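**Q** Letter by letter, the chains look like this.
Number of protein chains: 2
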Amino acid sequence: MENKDLIDKNFQKYMKIAFLEAKKAFDKAEVPIGAVIVSKDGKVISKAHNLTETKKNSLCHAEILAIQKACKKLNEKYLMDCSIFVTLEPCPMCATAISLAKIKNVYFSTVDEKGGAVVNGVKIYENMKNLYKPTVNYGYLKEESSELLKKFFKNLRKK
Amino acid sequence: MENKDLIDKNFQKYMKIAFLEAKKAFDKAEVPIGAVIVSKDGKVISKAHNLTETKKNSLCHAEILAIQKACKKLNEKYLMDCSIFVTLEPCPMCATAISLAKIKNVYFSTVDEKGGAVVNGVKIYENMKNLYKPTVNYGYLKEESSELLKKFFKNLRKK
Chain S
5 MENKDLIDKN FQKYMKIAFL EAKKAFDKAE VPIGAVIVSK DGKVISKAHN LTETKKNSLC
65 HAEILAIQKA CKKLNEKYLM DCSIFVTLEP CPMCATAISL AKIKNVYFST VDEKGGAVVN
125 GVKIYENMKN LYKPTVNYGY LKEESSELLK KFFKNLRKK
Chain E
5 MENKDLIDKN FQKYMKIAFL EAKKAFDKAE VPIGAVIVSK DGKVISKAHN LTETKKNSLC
65 HAEILAIQKA CKKLNEKYLM DCSIFVTLEP CPMCATAISL AKIKNVYFST VDEKGGAVVN
125 GVKIYENMKN LYKPTVNYGY LKEESSELLK KFFKNLRKK
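Just so you know, the sequences run in chain order S and E. For the first sequence, the positions run 5 to 163 when this note's numbering is used. For the second sequence, the positions run 5 to 163 when this note's numbering is used.
The set of hints was computed from the structure by calculation and includes no laboratory data. Take the hints with a grain of salt, since some may be wrong.
Unchecked claim - Result set (DSSO-like, lysine-lysine): computed pairs, CA atoms no more than 27 angstroms apart in a straight line: (1) LYS81/S to LYS155/E; (2) LYS77/S to LYS32/E; (3) LYS76/S to LYS28/E; (4) LYS59/S to LYS108/E; (5) LYS133/S to LYS137/E; (6) LYS133/S to LYS133/E; (7) LYS137/E to LYS81/S; (8) LYS60/E to LYS106/S; (9) LYS59/E to LYS108/S; (10) LYS81/S to LYS162/E; (11) LYS73/E to LYS106/S; (12) LYS118/S to LYS60/E; (13) LYS17/E to LYS73/E; (14) LYS108/E to LYS106/S; (15) LYS158/S to LYS106/E; (16) LYS73/S to LYS106/E; (17) LYS28/S to LYS44/E; (18) LYS60/S to LYS146/E; (19) LYS106/S to LYS127/E; (20) LYS76/E to LYS27/S; (21) LYS47/S to LYS76/S; (22) LYS44/E to LYS60/S; (23) LYS60/E to LYS76/S; (24) LYS158/S to LYS133/E; (25) LYS81/E to LYS59/S; (26) LYS77/S to LYS59/E; (27) LYS28/S to LYS155/E; (28) LYS158/E to LYS133/S; (29) LYS17/E to LYS127/S; (30) LYS146/S to LYS154/E; (31) LYS155/S to LYS81/E; (32) LYS32/S to LYS81/E; (33) LYS60/S to LYS106/E; (34) LYS73/S to LYS59/E; (35) LYS118/E to LYS108/S; (36) LYS137/S to LYS154/E; (37) LYS27/S to LYS155/S; (38) LYS106/S to LYS17/E; (39) LYS108/E to LYS76/E.
It should be emphasised that the depicted structure is a prediction, and the values quoted were computed from it without experimental measurement.
Using the sequences plus the hints, can you model the full thing?
**A** Here it is, written out as structure tokens:
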């Protein structure tokens, strides 16, 4: 089986792991976003959730933390042939980080019309000519991921 | 004196500190880019240089490291009223990180036509409507910063 097929076949499994990470963020009163990085042979290398409040650091997005963990674990500058699964469309920082780490495939659940930079906003992979371009797929678990975010912001407004 | 005037007055001093950071990177065979974060009262909070090779992590750009150090030092999620001085126009990852950290002013030495995202490429502050927009100034020490980068890439080609 081709690597891409292997990952595609297990797309739902990995996105569920990312979603469980998002739930962990929710339980910590963090914006609920989760990310998982998977090797070409389907092994989960790292998983992380948004921790900007806990870490008091506005760069601690799920994708950044997952990339940093994976680089450390593999002792590699690049995560070639890896895939990243995220519950929300990456912002320009994270979309560029994914590219700089040379992650091959990006999967995300729900689009982010305001803050997303992959299929929304500056569409970074299309418009930064010198960036490495991963493949992009999205949509699975979009209702669940979107509902979790809505629930978070609804709770926030109640406070 | 207004804070902005204070920083502007010492623009050259801070950019020289950033340039010395870039030189440290050069001496480690890293792409020579340096960054410094300065408080509104003119105190240097953090300085850093590119360490992508040393750390085996392609996200370890000078700006990211400087922001992370500053957040840790101040125990603050946001670096409001701070200024960042960088020797090269930030890439989309770093330009967005600067905005997410709510850094008030960005100063950089030389433009990066291929990889920059502030006055080149996607011009992120103009085109991502929901991003916090810092003020942008550039040009000081541009020859020195540009020469150091050219020297680095010339040496690299010799290998």
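**Q** Of all the hints given earlier, name the ones this structure violates by number, lowest first.
**A** The structure conflicts with hints 7, 12, 14, 17, 18, 27, 29, 30, 38, although it agrees with all the remaining ones.
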